[in-house]
Amino acid sequence: MDNIFETKIVSLKTLDNYNFSIPTYQRPYVWGDEQLKKILDDFYLAFNTAPNDVYYVSTFLTKENNNEAELIDGQQRFTTLWLISFVLDSVCESSEISKFLKKDGKLRLSFEIRKEVGDFFRSLLEEENTSQRIFEEQYIIKHPYLKNIAKAFVFIKGFIDQLPVTELDDFGDWIYRNVHLIKNTTPKNTDLNKLFSTINSAGIQLEQTDIIKANLLSLIDEKTKYSRIWESCENMNNFFERNARDSFPSTKWEAVHMQDFTFFNDAVFKYQSENLRDKRNSEIFNIDNFNIDELEEYKRPEYKSLNEETRKSDEIYCRSVISFGQILLHTYRIHLYREKGLNDFEGTFHVSRLIEIFNELVLRKNPEEIKRFFLLLWDIRYLFDKYIIKWISDVDTKSESLELVNINRNKESYYSRSKYEKSESLMLQSVLYFTGDYLRQYWLTTYLNYLHKNHSNLSPTDEKHLNYLEKLDNTFSICKSITDKELSWSLMGQDFEIEKRFNIKEYLNSNQGTRFKHYWFQKLEYIIWKNWKFEETDEFKSYKITSKNSIEHIYPQNPENILNHPEIKDEYLHSFGNLVLLSVSQNSEYSNKSVSVKKSMFKEKRDAYDTLKSYYIFEKSAHPWNIDSIKEHQKEMIKKITKHYFNE
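Quick note: the sequence shown uses our numbering, first residue -6, plus one each step.
Derived from the structure by calculation, the hints contain no laboratory data.
Any given hint might turn out to be false.
[As the list claims (entries may be wrong)] Straight-line C-alpha distance at most 25 angstroms; calculated SDA-like pairs for lysine to any residue:
id: 1; residue 1: Lys526; residue 2: Val398
id: 2; residue 1: Lys415; residue 2: Glu393
id: 3; residue 1: Lys412; residue 2: Val398
id: 4; residue 1: Lys245; residue 2: Val261
id: 5; residue 1: Lys526; residue 2: Asn467
id: 6; residue 1: Lys537; residue 2: Phe489
id: 7; residue 1: Lys31; residue 2: Asp477
id: 8; residue 1: Lys6; residue 2: Arg101
id: 9; residue 1: Lys263; residue 2: Val249
id: 10; residue 1: Lys537; residue 2: Thr635
id: 11; residue 1: Lys216; residue 2: Asp387
id: 12; residue 1: Lys523; residue 2: Ile634
id: 13; residue 1: Lys95; residue 2: Lys216
id: 14; residue 1: Lys6; residue 2: Glu61
id: 15; residue 1: Lys636; residue 2: Thr454
id: 16; residue 1: Lys1; residue 2: Val249
id: 17; residue 1: Lys6; residue 2: Gly98
id: 18; residue 1: Lys473; residue 2: Thr454
id: 19; residue 1: Lys628; residue 2: Glu564
Construct the entire structure; sequences and hints are all you get.
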């Protein structure tokens, strides 16, 4: 039995006797804001909605020698879990999660050839005010390997800082006891380098969406047609019309116009006779009956960003803000709302529950209902491409930005994409995306339902659907009587009346400090931008609403020069008027510098404003920056927000 992998389900608590090391062949830590927000949002939601349930994160692979475990696969999540544990331990009074940081006085996690990472982790445990020093020269400039780890620390701290203090101990205990992982241990004498290479290159991964597709197709006729509809929607990191061209190769594309994609039409979209792939789709998928060779045969087609059409159409490259599993759930909720006598699915909105959720549709065994769902999926996927923001790559700068894109047809019957100019819809969707729950984005259910009913009279930059989107966003932000999931369902009836409203003025006039919800800073950016949209300065024209997760005090908390910054009361220091929301790197630039130095640094920037709120502080507010100017700025900003909501 020496060649058998051992599998166990473990929690952080049951790993108490282990030390883990990251081997030399592992890549550096690469997780960014999106991955961090997803896992933190998920943890916190599970903690609040099902605190007694086990929450499964993922699998990891180890080679073990007694209680020393070498992490062959899973270091990104383990590093993240260590950082989350540290941040919670630093703010908790007595949480068990502190036990995960060390074992017998040694760091729980070590890096074989990255001494600087171990030094950095030890400095977090041993030094005070580490968050203020985290981007100093000795941490980053000398050791660029630490850059993403340091950014992750600041992001996690910003997230935890927004949670109620009274919940933190319990939240830490919940992660320590309830977050579970599947630990796979290699047999002895395994060639680890070969195994690691195989893991990264095999590409054999059957997803829940494949199983759902097979089960639904088994209940209907015209399997080929509906299979191709599904495949046209499946690759979210490609444009819909490109997917459709691949799925319906017999179509006379020179005769197809963009409006033909609005709904599926058999007379327009043609496919060849049933092939082996379509036959497989007709079988109910039973995972217990598959071996590894059959899984290889069953693999979905590999999607490539740079295909023949891309080259012909001089395309731009895109990445979706949600996964295919997520759009399936949004579409299914719209489907349930439209079907007579059906209610929203119970439980959480999460792609890990796809099979469980869609099993209801399978068990109803209604072929016509299943076909209606497939056709609705086509419609929603088309609308998603046309009206919803996506990440667009800049090949020259190798960067991404959120954009709305337009489509044009060229002489060869291919379609090319171009970015719309900045619009209110782009900016407001950016706010919703960056401040919402990355794994759910509940606003999309309601918004896509609205677009499906009204899109024939709208364009992506139309004032009418912007008004709807603003109402939708406003309602989500001030409704406190029901959950976001319940609200997104009820708003499909377009009733924006709510019983219990959030008191915006009272909240923004309190001194929350770093616990202010980031949403209100980002929403203010949108409101200011909307009122300034015809401004012609280069800094304004270059400005975009981006991911920001670090709250900065303009009047510093711990000033470098105490003589120039006499102490002020917390009610002003930690007030909304003295705060701006910045990116981690922007915050590190300003740190505890004086207000005058911060102002000079702001004015020297010529590419784009850090934030529009910063512009009001450094360019328009009275100076010197003191209690009176803080109060005046706060009053002015709150007035802008309440006018947007209530026209006061």
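Here is what the structure says about each hint:
no.	hint	in the structure
1	Lys526 x Val398	holds, 19 angstroms
2	Lys415 x Glu393	holds, 15 angstroms
3	Lys412 x Val398	holds, 4 angstroms
4	Lys245 x Val261	holds, 8 angstroms
5	Lys526 x Asn467	holds, 20 angstroms
6	Lys537 x Phe489	violated, 29 angstroms
7	Lys31 x Asp477	holds, 17 angstroms
8	Lys6 x Arg101	holds, 12 angstroms
9	Lys263 x Val249	holds, 11 angstroms
10	Lys537 x Thr635	holds, 23 angstroms
11	Lys216 x Asp387	violated, 39 angstroms
12	Lys523 x Ile634	holds, 12 angstroms
13	Lys95 x Lys216	violated, 55 angstroms
14	Lys6 x Glu61	holds, 16 angstroms
15	Lys636 x Thr454	holds, 23 angstroms
16	Lys1 x Val249	violated, 54 angstroms
17	Lys6 x Gly98	holds, 17 angstroms
18	Lys473 x Thr454	violated, 30 angstroms
19	Lys628 x Glu564	holds, 14 angstroms
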